[in-house]
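Participant: Each chain, letter by letter, is given below.
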Amino acid sequence: MTEPVVQIRGLQFAHGERMIFDGIDLDIAPGRVTAIMGPSGTGKTTLLKLIGGQLRPLSGSIRVYGEEVTQLSRKGLYQLRKCMGMLFQSGALLTDINVFENVAYPMREHTRLPKALIRDLVLMKLQAVGLRGASTLMPSELSGGMARRVALARAIALDPSMVMYDEPFTGQDPISMGILVKLIRELNDALGMTSIVVSHDVRETAAIADYIYLLSQGKVIEHGKPEALRDSSLEWSRQFLEGRPDGPAAFHYPAPDFRDDLLRGGQSK
Amino acid sequence: MNNRTVEIGVGLFVALGIAALFMLAMQVSNLGTFVSADDSYLLEAGFENIGGLKVRSPVTVSGVRVGRVAAIDYDDEAFEAVVTLRIKSSYDGFPEDTSASIFTAGLLGEQYIALEPGGSMDNLADGDRLQLTQSALVMEQIIGQFLYSTSAAKSGE
Amino acid sequence: MLDVLQNLGRVTLGFFQRLGRGHLFLLQIFATIPGVLLRPRLVLTQLYAVGVLTLLIILVSGLFVGMVMGLQGYNTLVDFGAEDSLGVMVALSLVRELGPVVAALLFAGRAGSALTAEIGLMKATEQLSGMEMMAVDPIQRVVAPRFLAAFISLPLLAVIFSAIGVYGGYFVGVDLLGVDDGAFWAQMQDKVDLRGDVYNGVIKSVVFGFVAGWIALFEGYDAVPTAAGVSRATTRTVVHTSLAVLGLDFVLTALMFGE
Ligand SMILES: Nc1ncnc2c1ncn2[C@@H]1O[C@H](COP(=O)(O)OP(=O)(O)OP(=O)(O)O)[C@@H](O)[C@H]1O
Ligand SMILES: [Mg+2]
Numbered sequence: 000m001t002e003p004v005v006q007i008r009g010l011q012f013a014h015g016e017r018m019i020f021d022g023i024d025l026d027i028a029p030g031r032v033t034a035i036m037g038p039s040g041t042g043k044t045t046l047l048k049l050i051g052g053q054l055r056p057l058s059g060s061i062r063v064y065g066e067e068v069t070q071l072s073r074k075g076l077y078q079l080r081k082c083m084g085m086l087f088q089s090g091a092l093l094t095d096i097n098v099f100e101n102v103a104y105p106m107r108e109h110t111r112l113p114k115a116l117i118r119d120l121v122l123m124k125l126q127a128v129g130l131r132g133a134s135t136l137m138p139s140e141l142s143g144g145m146a147r148r149v150a151l152a153r154a155i156a157l158d159p160s161m162v163m164y165d166e167p168f169t170g171q172d173p174i175s176m177g178i179l180v181k182l183i184r185e186l187n188d189a190l191g192m193t194s195i196v197v198s199h200d201v202r203e204t205a206a207i208a209d210y211i212y213l214l215s216q217g218k219v220i221e222h223g224k225p226e227a228l229r230d231s232s233l234e235w236s237r238q239f240l241e242g243r244p245d246g247p248a249a250f251h252y253p254a255p256d257f258r259d260d261l262l263r264g265g266q267s268k
Numbered sequence: 000m001n002n003r004t005v006e007i008g009v010g011l012f013v014a015l016g017i018a019a020l021f022m023l024a025m026q027v028s029n030l031g032t033f034v035s036a037d038d039s040y041l042l043e044a045g046f047e048n049i050g051g052l053k054v055r056s057p058v059t060v061s062g063v064r065v066g067r068v069a070a071i072d073y074d075d076e077a078f079e080a081v082v083t084l085r086i087k088s089s090y091d092g093f094p095e096d097t098s099a100s101i102f103t104a105g106l107l108g109e110q111y112i113a114l115e116p117g118g119s120m121d122n123l124a125d126g127d128r129l130q131l132t133q134s135a136l137v138m139e140q141i142i143g144q145f146l147y148s149t150s151a152a153k154s155g156e
Numbered sequence: 000m001l002d003v004l005q006n007l008g009r010v011t012l013g014f015f016q017r018l019g020r021g022h023l024f025l026l027q028i029f030a031t032i033p034g035v036l037l038r039p040r041l042v043l044t045q046l047y048a049v050g051v052l053t054l055l056i057i058l059v060s061g062l063f064v065g066m067v068m069g070l071q072g073y074n075t076l077v078d079f080g081a082e083d084s085l086g087v088m089v090a091l092s093l094v095r096e097l098g099p100v101v102a103a104l105l106f107a108g109r110a111g112s113a114l115t116a117e118i119g120l121m122k123a124t125e126q127l128s129g130m131e132m133m134a135v136d137p138i139q140r141v142v143a144p145r146f147l148a149a150f151i152s153l154p155l156l157a158v159i160f161s162a163i164g165v166y167g168g169y170f171v172g173v174d175l176l177g178v179d180d181g182a183f184w185a186q187m188q189d190k191v192d193l194r195g196d197v198y199n200g201v202i203k204s205v206v207f208g209f210v211a212g213w214i215a216l217f218e219g220y221d222a223v224p225t226a227a228g229v230s231r232a233t234t235r236t237v238v239h240t241s242l243a244v245l246g247l248d249f250v251l252t253a254l255m256f257g258e
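Residue numbers (numbering that gives the first Met the number 0), protein chains in the order written: chain R, 0 to 268; chain A, 0 to 156; chain H, 0 to 258.
Isolated chain R, as found in the complex:
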């Protein structure tokens, strides 16, 4: 098998006292769409930030294209990020420039392409996400779903060799959802990109993903091809993928017993 694009070994990370990852191993194969799924609040966004070098782990190694992200200098990190694209969960568009300029931004920063060419490229990307008509709007004038799509166009502006999508489908209507699913798959196949998709939309994700990692409570619960996971021997995985409310996978953030909490009445703690 070819060298993985991202190779994570023994990753540990904590936000303050709270352990988010407790020893994770994970490989992202080149040219594939790898989905990372798990209950809300398990740390999927955190994982993407760790891969991008924005957070430093407590211990463990994160190799991206063979480079140890945790050891890279500031300069090396910026160099490495030039071949990464990232779609933020919040969009993270620059609010003082319009949609067109937002998508053009990475091109203007990192290339010396002539103006006319940048214009064409930007319009192409916006066309791909169906928002060419919105190019003069300001980010504050966009709906949540539209902002997400602009952010996607920006993430792929420089045709990066690896793209991380943090919940690309949230807030999309069925039509644009279908188009985005196709877009991600096409980009991946046509340009040979490596894609990491974080999503809760089991059906869409299972449809485009070549490989799925299931995370929960700081561990990789299971990983494998979508078909394999659906018939998993683990009750947890099947419950999560089918979205059943009862089973070993908990919906709640860790908390003391609900009944105890209620019975304690007014007294706090």
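Among these hints, one or two may not hold up.
[Unchecked claim] Among the chain H residues that face chain R by a calculated CB cut under 10 Å, a handful are:
{"no.": "1", "residue": "Met130"}
{"no.": "2", "residue": "Ala134"}
{"no.": "3", "residue": "Asp136"}
Source of the hints: derived by calculation from the structure; they are not laboratory data. All residues carry an ideal CB built from backbone N, CA and C; glycine is no exception.
Chain R is fixed; fit chains A and H with the ligands onto it per the hints.
Facilitator: Leaving out everything else, chains A and H with the ligands in the frame of chain R:
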């Protein structure tokens, strides 16, 4: 924000700032009346007591300002203060026996040097020393002398 | 008792940690300045936001401060028959103290707070993270141009404040109260020294511009990325800048004008 507005705004702002600095330099401070080194010559004068005279105090003739005090030193052989005067070169016709006195402008005002031209035919040149000087009046001395003279007059009766 | 000590320790450590972070932040800004100078347009835009938009409040305040000084100075000086010295009094107080200090305080309220809120909100909405992931250094792209703009703007604003203040004093003293026009300017020119007074005032405002920019940007960059966090950071900017300016003013005055 329109590019043109930004450029014009910043241009005006910087111009206004420089104009203000220029105004402070020329109009408010003494750059306008400054005597520069190559446009002037130096004279020296020894005084027994300079009172409250300061570097940069004015030097006048008949009430017209002709220069400034450039330096004040103490000569420990002659036991007197040596004041260096910087005079504008346009005023170069002072006779050799010109005298210098330290006066006070008003009762509480600042002290300045007044030059009084003499009758000599030869003129002062750069670096020359004024021979005739009159020290500053020190209030305590005047009062002391006054008290002494009145008491002497009384005891003489 | 132990609790108090513990808290005291934590607060002290927290203080030094912030101080350290603040200085590292400053070094990072310095490191990116050469890159910023290659793209002067970034600074130009910020000069507009930071300097030009503060100009109006500086002009109006300068004029009124000068007029008040003209009035107060006249009332005091006329008792000693020294109203001819009004120009000196107005000019010296403005050039040495009020120009740099009041301009810096107004700057903190008008431009500093805006800078903090802007950077803090960019952080809260992940715009800074977004830039980092696009391999664009937000310190270079966002922070450093604003720092340079603050550093350049404040000295300009301070001299503008002083200049218009002198005219304000002139208007009240000469035009309204009848101080002699010639005496007003002549005494002023006699007593105000270009190097000792004007330059020192400018140096003060350069220092204040540096400090005001630094505090505002650091507070924004270091803000807790929430609405409350940004609002607290904005308040801190105004308070800390004002305190720093007044404290530094004392030190600088002692160094410059003390014998
Ligand atoms: N700045 C922070 N400080 C402290 N805890 C944090 C911080 N950011 C995130 N967390 C915690 O880390 C955990 C993981 O957060 P993360 O955003 O990675 O979750 P996620 O898996 O992306 O969730 P979602 O699917 O809802 O986006 C959460 O439980 C959250 O409480
Ligand atoms: Mg998330």
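Participant: Each hint: holds or not?
Facilitator: Outcome of the hint check:
1. Met130: holds (8 Å)
2. Ala134: holds (4 Å)
3. Asp136: Check passed: Cβ of Asp136 of chain H comes within 7 Å of chain R, closer than 10 Å.
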